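Start from the sequences and build out the full structure, keeping to the hints where you can.
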Amino acid sequence: MVLINVKNLEKTFSDGTETAALCGLSFDIKEGEFVAIMGPSGSGKSTLLHILGFLDTPTKGEYLFDGKRIDEYSDDELAHVRNKKMGFVFQAFNLLPRTSVLANVKLPLLYSGIKENQWDKLAKDAIEAVGLTNRMDHESSQLSGGEKQRVAIARALVNNPKVIFADEPTGNLDSKSGQKIMEVLQALNEKQNHTIILVTHETYTAENARRIILLKDGEIVSDKLVDHRVSAKDGFIK
Amino acid sequence: MLFRYTFQTAIRALKINKSRSFLTILGIVIGITAIILVMSLGQGAQNLILAQIQGIGSKVIAIAPGRQPKGPSDFISTFTDSLKQKDLEALNKKANVPHLAGVMPLVFGSETMAFENLTYRPTIYGVTSFFAKIYDIYPDQGRIFSDDEVQSYADVAVIGSKVKNELFGSADALGQKVKIKGRNFKIIGILSKKGQMSFVNFDDAAIVPFTTAQQYIFGIRYFNRIIAEADSESTVNETVDDIKITLRNSHNITDPNKDDFFVETQADAIKSVSTITNVLTYFLAAVAAISLLVGGIGIMNIMLVSVTERTREIGLRKALGATEKNILNQFLLEAVLLTAAGGIIGIILGASFSFLTSLALSKVLALNWKFNFPIPAALLGLGVAAAIGLIFGLYPARKAAKKNPIEALRYE
Numbered sequence: 001m002v003l004i005n006v007k008n009l010e011k012t013f014s015d016g017t018e019t020a021a022l023c024g025l026s027f028d029i030k031e032g033e034f035v036a037i038m039g040p041s042g043s044g045k046s047t048l049l050h051i052l053g054f055l056d057t058p059t060k061g062e063y064l065f066d067g068k069r070i071d072e073y074s075d076d077e078l079a080h081v082r083n084k085k086m087g088f089v090f091q092a093f094n095l096l097p098r099t100s101v102l103a104n105v106k107l108p109l110l111y112s113g114i115k116e117n118q119w120d121k122l123a124k125d126a127i128e129a130v131g132l133t134n135r136m137d138h139e140s141s142q143l144s145g146g147e148k149q150r151v152a153i154a155r156a157l158v159n160n161p162k163v164i165f166a167d168e169p170t171g172n173l174d175s176k177s178g179q180k181i182m183e184v185l186q187a188l189n190e191k192q193n194h195t196i197i198l199v200t201h202e203t204y205t206a207e208n209a210r211r212i213i214l215l216k217d218g219e220i221v222s223d224k225l226v227d228h229r230v231s232a233k234d235g236f237i238k
Numbered sequence: 001m002l003f004r005y006t007f008q009t010a011i012r013a014l015k016i017n018k019s020r021s022f023l024t025i026l027g028i029v030i031g032i033t034a035i036i037l038v039m040s041l042g043q044g045a046q047n048l049i050l051a052q053i054q055g056i057g058s059k060v061i062a063i064a065p066g067r068q069p070k071g072p073s074d075f076i077s078t079f080t081d082s083l084k085q086k087d088l089e090a091l092n093k094k095a096n097v098p099h100l101a102g103v104m105p106l107v108f109g110s111e112t113m114a115f116e117n118l119t120y121r122p123t124i125y126g127v128t129s130f131f132a133k134i135y136d137i138y139p140d141q142g143r144i145f146s147d148d149e150v151q152s153y154a155d156v157a158v159i160g161s162k163v164k165n166e167l168f169g170s171a172d173a174l175g176q177k178v179k180i181k182g183r184n185f186k187i188i189g190i191l192s193k194k195g196q197m198s199f200v201n202f203d204d205a206a207i208v209p210f211t212t213a214q215q216y217i218f219g220i221r222y223f224n225r226i227i228a229e230a231d232s233e234s235t236v237n238e239t240v241d242d243i244k245i246t247l248r249n250s251h252n253i254t255d256p257n258k259d260d261f262f263v264e265t266q267a268d269a270i271k272s273v274s275t276i277t278n279v280l281t282y283f284l285a286a287v288a289a290i291s292l293l294v295g296g297i298g299i300m301n302i303m304l305v306s307v308t309e310r311t312r313e314i315g316l317r318k319a320l321g322a323t324e325k326n327i328l329n330q331f332l333l334e335a336v337l338l339t340a341a342g343g344i345i346g347i348i349l350g351a352s353f354s355f356l357t358s359l360a361l362s363k364v365l366a367l368n369w370k371f372n373f374p375i376p377a378a379l380l381g382l383g384v385a386a387a388i389g390l391i392f393g394l395y396p397a398r399k400a401a402k403k404n405p406i407e408a409l410r411y412e
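Chains as they are written, first to last, in my numbering: chain P, 1 to 238; chain A, 1 to 412.
These are computed hints drawn from the structure, not numbers from a lab.
This structure is a prediction, so every number in the text was calculated from the model and none was measured.
There could be a bad hint or two in this list.
[Unchecked claim] Which stretches of chain A does chain P cover? Using the computed rule of at least three CB atoms under 8 Å from a CB of chain P, they are:
(1) 5 to 19
(2) 319 to 329
(3) 404 to 410
[To be verified] Pairs of lysine-lysine residues, derived as DSS-like cross-links and limited to a Cα-Cα distance of at most 25 Å, are as follows:
(4) P/K85 x A/K402
(5) P/K30 x P/K7
(6) A/K370 x A/K271
(7) A/K177 x A/K162
(8) P/K84 x A/K403
(9) P/K191 x P/K121
(10) A/K193 x A/K177
(11) A/K403 x P/K60
(12) A/K325 x P/K85
(13) P/K115 x A/K325
[Unchecked claim] Listing some non-contacts, in silico: residues in chain P with all C-beta distances to chain A over 10 Å:
(14) N8
(15) G24
(16) K60
(17) G67
(18) R69
(19) D137
(20) K162
(21) L173
(22) E202
Built from N, CA and C at the ideal position, the CB exists for glycine as well.
Structure, rendered in structure tokens:
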């Protein structure tokens, strides 16, 4: 089933002068896919991810998420979709400081309307899925970079979203921690059938995915399945 | 979003910057403290004065020369000599004022009193024996002067406890002679310590027959006041009207607007005192409220700083599904918590200061001052503090809620 449907998507930033960031992109992403959006800096990959993640709106063109056009959602509905159907993992982790792992993972539940007595179980399940049960009560500042990012993944998972957006999730990590993150993402995709959309500029990270959309100057250069998929479990080959 | 979590988030945010939070609410604390203190002391002062007025008795009617002041700025017109002996005689006629239980002239002033080589300057009250009944004051030792002594211009005096201490110390004063204006007065009665009551401090008084006071002490032929008493509370108003008519006849006045006297009852006195103390209290409270405004601006300033500092947190929360309303509520709650905390501290401080002040007033000045916790003022103060949080927190909170999540997340 098609989850994301993009037709002639354009994004122009007008900051004095008009800068075209995306110039007419069209593609579909189905449920259960693991797609890497790749490209050098300035290629528009982050802008695309923001639009796909309802954090920004396109200038022109159509974007249907789960069968509904983005311009049909009100601001509050956009927030609800972000909360219930999307999960975000950022390059800079963005955990709340001086706050426990458990409380960080619970954060999206605050806005979910899910009954409070279920929060603990949902958060603990998500923490278990990223293998951090033993660190649950630690404060986020006590964790290593890789552990922080796994907390962020647990936070993205906690509302059982339709899609997880990961924006350069390994960008701030050493290769070993990065490998662990990709291992978690691959497991989520393969074992639990989560749809994952990953933005990266590194080929070896992108090859953890099943499909790579390559962008350059706001246009799709190529969109193809990965021939020799890297399995993060087996270690990175740089 | 559950209120409890919003609340916890706000508490945590305020705890992280403990000293900043405290300094921020200082303006609110001072403002609310001042308001509570002013309201509480104002209420205490009013109660004290009202208790004294009520102490005279609700049947007492005071007649003063001049015109009744209509407001604080209205100078009392100068008819200070308009009440005379013939008025007293007219009032005493049963046909003129049928419900009169008694009437007494009153002259007063300060004069030096000497015993041997000691001198003291008490307030001299020239009255008849009727004063003891009106004020319910009877000498501890000795007696009050008789009507005969009043008629015969007797040189006798009843003195208050302070006057006795100043001139005689612990020695016996009864029967001794003191000099006022060169005349020897025999002490026939000594009052026990009474404290300040109904505008009169009897401790500091020397009470003499009014005839003697007029003739030999003050050298006047008029009265400073005429004090009357109605025979029951229900006839007070009727008696007041009768007194006015009688005095107008006696003074040949036809137009009531040209009265050269005014009549006050306990109810009038309570009303005018309440008006004056209320105006003063509210005026002072309004002055104190200015600091609340300043405090509110301080809150707004620090909330703006907080919003800027937590830009990334706001971006994250929005990315994770917080609506604008969620963010708005979070920051508003924080501002309201700040000001409400300031309000509560202010109420506690204000009440404590007020309590200490009443303690000092009742112990040091021997006033019958009761500590009064103004519950309406406290509730109002808390409400005002919370409202200030809402009003001055709204702009920063809106600023936070309107932030673009992408820009907020990228904020360094």
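Each hint tested on the structure:
With 3 residues bearing a CB less than 8 Å from a CB of chain P, the segment 5 to 19 of chain A meets the requirement of three and the coverage assertion stands. Under a criterion of three residues with beta carbons nearer than 8 Å to beta carbons of chain P, the stated coverage of the segment 319 to 329 of chain A is upheld, 8 such residues being counted. Residues of the segment 404 to 410 of chain A with a Cβ under 8 Å from some Cβ of chain P number 3, which satisfies the need for three, so the listed coverage holds. This hinted pair checks out: P/K85 and A/K402 have alpha carbons roughly 23 Å apart, not beyond 25 Å.
At most 25 Å may separate the alpha-carbon atoms for a hinted pair to count; P/K30 and P/K7 meet this at roughly 15 Å. For the proposed pair A/K370 and A/K271, the alpha carbon gap of about 20 Å is at most 25 Å, so the pair holds. Our distance criterion of 25 Å between C-alpha atoms is met by A/K177 and A/K162, whose separation comes to about 17 Å. The hinted pair formed by P/K84 and A/K403 meets the criterion: a straight-line CA distance of about 21 Å does not exceed 25 Å.
With a CA separation close to 20 Å, the supplied pair P/K191 and P/K121 stays within the 25 Å bound. With a C-alpha separation of about 21 Å, the suggested pair A/K193 and A/K177 falls inside the 25 Å cut-off, and the hint holds. Taken as a hint, the A/K403 and P/K60 pair is honoured in the structure, with Cα atoms around 23 Å apart against an allowance of 25 Å. Restraint check for A/K325 and P/K85: satisfied, since their Cα atoms lie roughly 20 Å apart, inside the 25 Å limit.
A threshold of 25 Å between alpha carbons decides the hint, and for P/K115 with A/K325 the separation of about 20 Å falls inside it, so the pair holds. Here P/N8 stays apart from chain A, with its beta-carbon at least about 22 Å from theirs, past the 10 Å limit. Distance check for P/G24 against chain A: the nearest CB is about 22 Å away, which clears 10 Å, and the non-interface claim stands. For P/K60, the shortest C-beta to C-beta distance to chain A comes to about 19 Å, beyond the 10 Å cut-off, and the non-interface label holds.
With a closest Cβ-Cβ approach of about 20 Å to chain A, P/G67 is found to remain outside the 10 Å limit, as its non-interface label requires. Residue placement check: P/R69 keeps its beta carbon more than 10 Å from all beta carbons of chain A (closest about 20 Å). Listed as a non-interface residue, P/D137 keeps its Cβ farther than 10 Å from every Cβ of chain A; the least gap is roughly 16 Å. Every Cβ of chain A is farther than 10 Å from the Cβ of P/K162; the closest lies at roughly 13 Å, confirming the non-interface assignment.
A cut-off of 10 Å between C-beta atoms confirms that P/L173 is not in contact with chain A; the least separation is 18 Å. Non-interface status of P/E202 relative to chain A is upheld: no Cβ of that chain comes within 10 Å, the nearest being about 21 Å off.
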